[in-house]
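Quick mapping for you: the protein sequence lines, in order, are chains A and B.
If you use the UniProt record's numbering, the first sequence closes out at 268, no skipped numbers anywhere.
If you use the UniProt record's numbering, the second sequence closes out at 268, no skipped numbers anywhere.
These aren't lab readings, by the way, just hints derived from the structure by calculation.
Keep in mind that a hint or two might mislead.
Stated by the list, open to error - Within a straight-line C-alpha distance of at most 25 Å, the following computed PhoX-like cross-link-like pairs (lysine-lysine) qualify:
#, chain 1, residue 1, chain 2, residue 2
1, B, LYS135, B, LYS120
2, A, LYS215, B, LYS75
3, A, LYS75, B, LYS215
What the hints assert, rightly or not - Selected chain A positions facing chain B (in silico; Cβ < 10 Å):
#, residue
4, GLY178
5, MET195
6, ILE202
7, ILE204
8, THR221
9, SER224
As the list claims (entries may be wrong) - From the derived model, a few chain A residues whose C-beta atoms are all more than 12 Å from chain B:
#, residue
10, GLY49
11, LEU52
12, ASP136
13, LYS142
14, SER193
15, ARG201
16, ASP225
17, PHE249
Built from N, CA and C at the ideal position, the CB exists for glycine as well.
2 protein chains.
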Amino acid sequence: AIDTYGVGKVVASGNPEFEKGDIVGGLLSWGEYSVIKPGGMLNKLNPMGFPLSYHVGVLAFSGLTAYAGFFEICKPKKGEKVFVSAASGSVGSLVGQYAKLFGCYVVGCAGSQDKVALLKEKLSFDDAFNYKEVKDLKSTLKRYFPDGIDIYFDNVGGEMQGAAVDNMNISGRVAVCGVISEYTDYEKRAAPSMMDVIYKRIKIQGFLAGDYLNKFADFFTTTSDHLRTGNIKPLEDISKGVESIPSAFISLFRAQNVGKKMVKIAEE
Amino acid sequence: AIDTYGVGKVVASGNPEFEKGDIVGGLLSWGEYSVIKPGGMLNKLNPMGFPLSYHVGVLAFSGLTAYAGFFEICKPKKGEKVFVSAASGSVGSLVGQYAKLFGCYVVGCAGSQDKVALLKEKLSFDDAFNYKEVKDLKSTLKRYFPDGIDIYFDNVGGEMQGAAVDNMNISGRVAVCGVISEYTDYEKRAAPSMMDVIYKRIKIQGFLAGDYLNKFADFFTTTSDHLRTGNIKPLEDISKGVESIPSAFISLFRAQNVGKKMVKIAEE
């Protein structure tokens, strides 16, 4: 069985901590039923009035990744200029929204006109562009950031990272969250100019959300408040049924998803 | 006139703050005599019993660069494994010595057997190698660091940076101090694997010593104490006379210097 992070309902339990009917979140396997052995990563979950899907995406690791990456790695200041790549993805879409709520100027890029429209209209990004329609990334970023980029939240690596560093201000920060370009090679792998990194004292830092579990409570409270007031709009892309699992993965690698890609195995 | 950081003796002064015979350090121009206008960067200098050359190198910007880069950017812990490139250069040679005195394990690389011997014998590096004799940087670093690199003090950029990141431990730090490879293109420019940067939570950070003037007093006291006890041995490569200026620059770009390259214009 292949493991995944998921949410489910207990149908039978030999463990006194869990009862039939409990909602749980944790490491499940792909499929209609999972058998969790003692020592497995599983917790009871209080949905708190939110759809269960929120507890897989925006209120789980995708959200924590965006929150910790933006606040802990990028250490933003109000008014700073933030660029987010793969901005309609599960993490990027949240980073942009956290950054806007915090008082930054935010531009995102994505791979279609529909995604760009979504970023500007639904998620209130200050601006957005379709990177597939762009010939020269460096001059494009110069146009969107005439005063330079302070923070680049990097979900793609490669050429985009090089172009962002070229446009970065002094003391700029790059949070390296994902490297779509290295998975699929659809962009050439490219090096940021280390001369720029030195003269502009740029910090490029990789991170994993798992290192920030001590921030989970902060993250959860802040994010659920914003979800209740409608200040944060989670993007979800849910396909249905075990049979949709392979196509879900394919759409992920083809970047066809908008927001968090999830598979719903059964109705609640 | 081309400016440079230098030390000189006042031969005439229209400024009451400076008298004939004062030793001064600051922004001078290349040549036997410099005229410093009001507002120029110039300070009286107390040699404190050290050769004047120390006040151009080990006790000036080269030293501060090594000190701030190692302690402020790399934030070392005792016992960590440190790799220094261009380790026989003005900055690298000091980084290695600071790291050893601090209690780290230090390996340097340099471009000749003589330089390698110097690092091991005179400067007490734990080990050193000649990068020009190496076919595969990645596996070479693996051999010198079987338990991985915690800190890479990068004076060259390029391929060496990629190979160091490949060998880095979790939470590794790269201080980007110089990029010889980007100046001269003698190495191919190469990208570190961003996948490694993420999974190993690596920080790659550029810096300039000028941002750490607030650490100058610490640096100066620590370093002059080590110089007096002989715990730090400055490497100096001094050529003589105005006529040696062009060849001094050439030797620098050919990496023929050992330690801080300086030109002595006149006897004290």
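Going down the list of hints, with the structure as the test:
| no. | hint | in the structure |
| --- | --- | --- |
| 1 | B:LYS135 <-> B:LYS120 | holds, 22 Å |
| 2 | A:LYS215 <-> B:LYS75 | holds, 23 Å |
| 3 | A:LYS75 <-> B:LYS215 | holds, 23 Å |
| 4 | GLY178 | holds, 7 Å |
| 5 | MET195 | holds, 5 Å |
| 6 | ILE202 | holds, 5 Å |
| 7 | ILE204 | holds, 4 Å |
| 8 | THR221 | violated, 25 Å |
| 9 | SER224 | violated, 27 Å |
| 10 | GLY49 | holds, 34 Å |
| 11 | LEU52 | holds, 28 Å |
| 12 | ASP136 | holds, 19 Å |
| 13 | LYS142 | holds, 20 Å |
| 14 | SER193 | violated, 7 Å |
| 15 | ARG201 | violated, 5 Å |
| 16 | ASP225 | holds, 29 Å |
| 17 | PHE249 | holds, 19 Å |
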